[in-house]
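Peer 1: So the sequences go chain by chain: A and B. Residue 34 in my numbering sits at position 34 of the first sequence, and the numbers go up by one each step. Residue 1100 in my numbering sits at position 100 of the second sequence, and the numbers go up by one each step.
Do not rely on the hints blindly, as some may be mistaken.
[As the list claims (entries may be wrong)] Here are the simulated lysine to aspartate or glutamate pairs, DMTMM-like style, with alpha carbons at most 20 Å apart: (1) 7/A / 1011/B; (2) 118/A / 161/A; (3) 125/A / 1097/B; (4) 8/A / 1076/B; (5) 1048/B / 161/A.
[To be verified] Derived Cβ-Cβ restraints for the label pairs, each shown as a range: (6) 55/A / 1018/B: 32 to 40 Å; (7) 86/A / 1049/B: 29 to 37 Å; (8) 1075/B / 164/A: 39 to 47 Å.
[What the hints assert, rightly or not] Which bits of chain B does chain A cover? Going by a derived footprint, with three or more residues having C-beta under 8 Å, they are: (9) 1002 to 1011; (10) 1031 to 1038; (11) 1051 to 1061.
No lab work stands behind these hints: they were computed from the structure. Think of the CB as a built atom: it goes at the ideal place given N, C-alpha and C, for glycine as much as any other residue.
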Amino acid sequence: MAFVNLKKREVQVKIVYYGPGRGGKTTNLEYIYGKFNDRIQTEMVTVKTHGDRTLFFDFLPIDIGKINGYTAKMQLYTVPGQVKYNATRRLVLRGVDGIVFVADSMAVRREKNILSLKNLHENLKNYKKSIFSIPLVFQYNKVDLAEQGIPILPFATMEKDLNSQLKRPAFEASAVTGTNVVSTLKKIITMTMSSIKDELK
Amino acid sequence: MSYTLGQQQLDNIDEILQTDLIDIGVHCVFLIDMSGNIIASLDDGENKHDIYSLAALAAGNFGAVSAMAKIVGEGEFSLLFHKGKKENIHFSKVLTEFLLITLFGNDLSLGFLRLKVAESVEKIKKILEPIHTP
């Protein structure tokens, strides 16, 4: 639920990185944190377990400058990907304005991607939101693993599995090296801001 | 979905927070929505915190405690308060979508704070009611 502050001429928008466990959601945020250090005034907040897995969420606020005369503040969140943490995952989705679905391109994770997308669909319904109307971008992560001989699903297969009905923008990416991390972020920001542009007049 | 608050509404909220809470000795107070967005924030000039991170964590924390309440058969835990050595945090729900968070030191009693928070919540409700979506 984006909030438009007419007094400060500021808009706050919530973007959530969703996807299966160990897919690279936190790595996306860590890359963005490193890359845009000058625009981020705070530390990245992470609530994780001892095993370094996300327990609740990661949080990164980032200023992207002015849009239509409004200072745009993007609040980036990740959800915990592990199946057992659905209750906390649902909490993070509350008031979401835009979603990046980080899928794992490794062939062995094919089913996990599909289950996670179904889970996103269910959790959005819980907030009376539809996966068909909310701004959404797909990121097929870990394509760099192909160089190490690890079996990776081709782009067409990922599209068929996840995006055949939704038909949203999709990027092949490597969160570790940073390939297409920024392109994904730019795309979701553009889509989300355009969905609330009527409020910014 | 999004919502907008104008200059007048935000000025009124600031005034309530200033006179009811900051003026009685509260260190820092902020009004957020359940998504973690900050609607208003004030401090006493001496105690600065990273309120964006605090807001995100507070919204998550409040959501987690509400979910726990439902599991044990409570509609909601009415008092949500964290006690520290020097700094304490008090949470109060405003309508269904907003949260008032107050940081205060040990020089202020919890009872008095709760009374003043309850007063300001009633006033803020009147301002937020029109944009409130149940």
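Peer 1: For each hint, tell me whether it holds in the structure or not.
Peer 2: Now for the hints, and whether the structure bears them out:
no.: 1; hint: 7/A / 1011/B; verdict: holds (8 Å)
no.: 2; hint: 118/A / 161/A; verdict: holds (11 Å)
no.: 3; hint: 125/A / 1097/B; verdict: holds (18 Å)
no.: 4; hint: 8/A / 1076/B; verdict: violated (34 Å)
no.: 5; hint: 1048/B / 161/A; verdict: violated (48 Å)
no.: 6; hint: 55/A / 1018/B: 32 to 40 Å; verdict: holds (37 Å)
no.: 7; hint: 86/A / 1049/B: 29 to 37 Å; verdict: holds (31 Å)
no.: 8; hint: 1075/B / 164/A: 39 to 47 Å; verdict: holds (42 Å)
no.: 9; hint: 1002 to 1011; verdict: holds (count 8)
no.: 10; hint: 1031 to 1038; verdict: holds (count 6)
no.: 11; hint: 1051 to 1061; verdict: holds (count 6)
When held up to the earlier numbered hints, the structure conflicts with 4 and 5 and fits the remainder.
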